[in-house]
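Single-letter residue listing:
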Amino acid sequence: AQTVTQSQPEMSVQEAETVTLSCTYDTSESDYYLFWYKQPPSRQMILVIRQEAYKQQNATENRFSVNFQKAAKSFSLKISDSQLGDAAMYFCAYRSVVFGNEKLTFGTGTRLTIIP
Amino acid sequence: GAVVSQHPSRVICKSGTSVKIECRSLDFQATTMFWYRQFPKKSLMLMATSNEGSKATYEQGVEKDKFLINHASLTLSTLTVTSAHPEDSSFYICSATTTGHSGNTIYFGEGSWLTVV
Chain C
37 AQTVTQSQPE MSVQEAETVT LSCTYDTSES DYYLFWYKQP PSRQMILVIR QEAYKQQNAT
97 ENRFSVNFQK AAKSFSLKIS DSQLGDAAMY FCAYRSVVFG NEKLTFGTGT RLTIIP
Chain E
21 GAVVSQHPSR VICKSGTSVK IECRSLDFQA TTMFWYRQFP KKSLMLMATS NEGSKATYEQ
81 GVEKDKFLIN HASLTLSTLT VTSAHPEDSS FYICSATTTG HSGNTIYFGE GSWLTVV
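Just so you know, the sequences run in chain order C and E.
To convert, take the position in the first sequence, counting from 1, and add 36; that gives the numbering used here.
To convert, take the position in the second sequence, counting from 1, and add 20; that gives the numbering used here.
Please note: incorrect hints may appear among the correct ones.
In silico DSSO-like cross-links for lysine-lysine, where the CA-CA straight-line distance does not exceed 27 Å [stated by the list, open to error]:
(1) C:K109 x E:K62
(2) E:K61 x C:K114
(3) E:K34 x E:K61
(4) E:K84 x E:K62
(5) C:K114 x E:K62
Calculated directly from the structure, the hints in this document are not laboratory data.
With the sequences and hints as input, model every part of the structure.
Shown next as structure tokens:
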């Protein structure tokens with residue numbers, strides 16, 4: 037079974053600064069997807085960014101980018117130019133490509149606080 | 021706009037009664053739906069996976085007789101909490117996707133707060 041670990045329960049960053057959230061995972065599969073989801077106080081799950089394991093290039097979405105290290109099974113999220121609206125819980129998630137096992141496995145989350 | 025709608029967003033029920041939560045995909049055919057439970061300040065815990073027209077697959081430790089999941093159509097899955105007790109109070113979230121292509125996006129509903137009094 038796959039596991040996802042987020043070792044930082046809480047992080048804080050000054051507005052306009054850069055912050056990196058850590059995520060490691062364990063799997064025996066060679067192909068899979070990794071995601072970062074944001075959950076604001078509304079509890080709505082919002083997809084921030086996703087990475088296909090077969091792609092070596094790190095995914096980027098505007099101010100959000102990842103550092104995907106497949107051999108180390110590490111998948112960190114970098115948020116640049118942090119904004120007040122970035123404050124939320126962030127969950128790292130793993131998804132298998134095996135048919136019938138396409139559920140998302142989540143980490144325990146990191147609560148990000150933005151300091152004005 | 022939302023592509024997965026969950027209803028009700030909040031529900032209060034009396035202990036011992038049953039309550040149903042609906043999850044609808046609005047503009048796509050959801051062959052697979054997932055039901056999660058989230059405790060305060062905790063992560064999402066997968067309860068079960070349901071495929072249209074077949075029985076749900078429950079995760080270990082989830083009581084299938086207590087949490088009834090029905091996925092009778094390609095746009096609707098329901099979670100019924102039977103004989104609810106205060107410890108069932110929680111936030112329940114559904115998500116939906118189309119199987120056969122793991123690259124397909126998983127869409128989440130807005131979630132439902134259940135309070136059992």
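Outcome of the hint check:
1. C:K109 x E:K62: holds, 23 Å
2. E:K61 x C:K114: holds, 22 Å
3. E:K34 x E:K61: holds, 25 Å
4. E:K84 x E:K62: holds, 22 Å
5. C:K114 x E:K62: Distance of about 22 Å is within 27 Å: holds.
Hint check: no violations occur; every hint is consistent with the structure.
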